[in-house]
Amino acid sequence: MSQNPLGVHALVFAGGTTPDEMSLIIDQTAAAGYDILELSLHDSPNLDVADARGKLEAAGLGIVCSRGLAFTADVSSDDAEVVARGARLLHDSLQITHDLGGTHFTGALYSALGKYGHALSSAGRANVVATLKDLAVDAQEKGMTLGLEICNRYETNVINTAADALRLADDIGHDNVVIHLDTYHMNIEEDDFSRPVRLVGDRLGYVHIGENHRGFLGSGHLDFASFFHALADIDYTGPVTFESFSSAVVSPTLSNDLAIWRNLWNDGPELARHALSFMTNQIATARAV
Amino acid sequence: MSAGLPRFGVHAGLWGFDWTPDAAARTIGSAAAAGYDFIEIPAVDRSVHPPVDTRRALSANGLDAVVSLALSFDDDITSPDPAVAARGEHRLAEAVAFAAEIGATFVGGVVFSAMGRYLRLPTAADRDRSLAAVRRTATLAARDGITVGVEYVNRYESNLLNTAAQTARFVREIDQPNVVVHMDTFHASVEELSLGDAVRDAGPLLGYIHASESHRGRLGTGTIDWRRFADDLRAAGFAGPVTVETFSSAVVGTDAAVDIGLWRPLWEDPSAVAADSLQFLREQFTPVAVTA
Chain V
1 MSQNPLGVHA LVFAGGTTPD EMSLIIDQTA AAGYDILELS LHDSPNLDVA DARGKLEAAG
61 LGIVCSRGLA FTADVSSDDA EVVARGARLL HDSLQITHDL GGTHFTGALY SALGKYGHAL
121 SSAGRANVVA TLKDLAVDAQ EKGMTLGLEI CNRYETNVIN TAADALRLAD DIGHDNVVIH
181 LDTYHMNIEE DDFSRPVRLV GDRLGYVHIG ENHRGFLGSG HLDFASFFHA LADIDYTGPV
241 TFESFSSAVV SPTLSNDLAI WRNLWNDGPE LARHALSFMT NQIATARAV
Chain P
1 MSAGLPRFGV HAGLWGFDWT PDAAARTIGS AAAAGYDFIE IPAVDRSVHP PVDTRRALSA
61 NGLDAVVSLA LSFDDDITSP DPAVAARGEH RLAEAVAFAA EIGATFVGGV VFSAMGRYLR
121 LPTAADRDRS LAAVRRTATL AARDGITVGV EYVNRYESNL LNTAAQTARF VREIDQPNVV
181 VHMDTFHASV EELSLGDAVR DAGPLLGYIH ASESHRGRLG TGTIDWRRFA DDLRAAGFAG
241 PVTVETFSSA VVGTDAAVDI GLWRPLWEDP SAVAADSLQF LREQFTPVAV TA
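From first to last, the protein sequence lines are chains V and P. So the first sequence is numbered by this note's numbering: it starts at 1 and just counts up by one. So the second sequence is numbered by this note's numbering: it starts at 1 and just counts up by one.
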């Protein structure tokens, strides 16, 4: 048995979060055998929070919410109004996560999810720090944890490496802000798959497992053995969530934000079952050696 | 050139993108001093930078050259706007002309779409426009004995060609003998099942390689398995050319750094990185003798 709660990203099953889509997502997440559903809040206007919470509880599933910001609501901006819109989006999203029964809110909470046309300014970074300090206090009062997901250079200019993320977390300075590593992004930015894990150590709070092309686990070239060995070495017992995207499941907004142009799979439930088995085996073998 | 090794080149961008006569001579001299067979030069505006200066510097250093370019949203041959598409095709023709004038026989790069962050899937018409324009460019290039390389890039830099399989299909549809698949290991590392699968998918159409680390830094410091890649290329009968591509925000300047999303410096000294990378690739591409 895995010591880590295992999760799956909702976009494996459906592109949006209407009540019908949530029913499908929750049924398939539970049927595949996962402990946790990760829900991206890109479609939150269509989300019926109370309805979804009831279905999650009935299915016995934990919930983690994630999101990136937008260029019009971006806490890394120099423009106070844009920062304020980003901060409102974060506090609203934190509240939704709480109302769903979740304790973890993670993602690119510090910037838009997109290709920047300029480097991060020092004023922009100061806005990130100030906003996330406030959000951390809000989260603390709710008994919640914030994750800083490290994303690749095409999705943010704020933090691309574990070293960047630790510096940001240091400046935010709240213990309920943890580091979120994602193997897909690590492949583009890090030197290998073990040093970042050891560097982050006990500040690691959330993990995304994604293949280099974001398709079937094991069908690409990522060195998952090294990564899971490193997780075992630091005795990481937190959530491990599978993330994969294909043009077969489309979100009108998020698919373009993530540059999903190719069909890497058609059958989300089959993909999810395979990923659970893959991760369970990797975790078990890493702890056995 | 050592027997059995591919011809190795280096991207001029290691030393920055300035191409005044002095900068060009300095960069070409640095590439030659590092021991490369050839240099890859980004196509420049011929009215601003007379090609004769580049040609002279190449000749003085005994260095061969290839040319590369990447279209932008302002000159994108996939665009439904005829003026935008026409600007793109004109840029391709200008790159071919620049190559001919400096004595280069290869023009590669993102010649099939903008290099940029698309926000929608390509349409069939986008792809058809691209095919037609690259085909006309290839016909033009053939008159000067120039080969055109179609460099597929990762999902964040084009929505049209992200894999060797897609690119091989595209090149087959162009159906001109002087068009080849141009593979970049940085992009392939994001999109492919493995580098070996990409080499096999490109098959005999593979014509040009960018050797670029998984994070675009110094070769050997990332996750790419270079020895295995060299074996894959050897097994496919690919003899080169192979060009080192690595960029650092410490050198390239703000505009270029922003263009390719370089938000941190990956190294400081381009000439040291150029020399080290060549030595590294020579080692990695040298077959290991196996004795019974």
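It cannot be assumed that every hint is accurate.
Unchecked claim - Partner residues aside, some chain V positions facing chain P, computed with beta carbon under 7 Å:
no.	residue
1	Thr72
2	Lys115
3	Tyr154
4	Asp202
5	Gly220
6	Ala259
Claimed, not checked - Between beta-carbon pairs, the in silico distance windows are:
no.	chain 1	residue 1	chain 2	residue 2	range
7	V	Asp202	P	Thr123	47 to 53 Å
8	P	Gly253	V	Arg167	40 to 46 Å
9	P	Pro287	V	Gly60	53 to 59 Å
10	P	Gly253	V	Ala248	25 to 31 Å
These are computed hints drawn from the structure, not numbers from a lab. Owing to the predicted nature of the structure, the values given are computational and were not obtained by experimental measurement. Even glycine gets a Cβ: it sits at the ideal position worked out from N, Cα and C.
Structure-based check of each hint:
1. Thr72: violated, 14 Å
2. Lys115: With a closest approach of 4 Å, the Lys115 (chain V) hint holds.
3. Tyr154: holds, 4 Å
4. Asp202: violated, 25 Å
5. Gly220: holds, 6 Å
6. Ala259: holds, 4 Å
7. V:Asp202 - P:Thr123: 47 to 53 Å: holds, 49 Å
8. P:Gly253 - V:Arg167: 40 to 46 Å: violated, 25 Å
9. P:Pro287 - V:Gly60: 53 to 59 Å: With Cβ atoms ~56 Å apart, the hint holds.
10. P:Gly253 - V:Ala248: 25 to 31 Å: Hint violated: Cβ distance 41 Å, outside 25 to 31 Å.
In this structure, the earlier hints numbered 1, 4, 8, 10 are contradicted, and the remaining ones agree with it.
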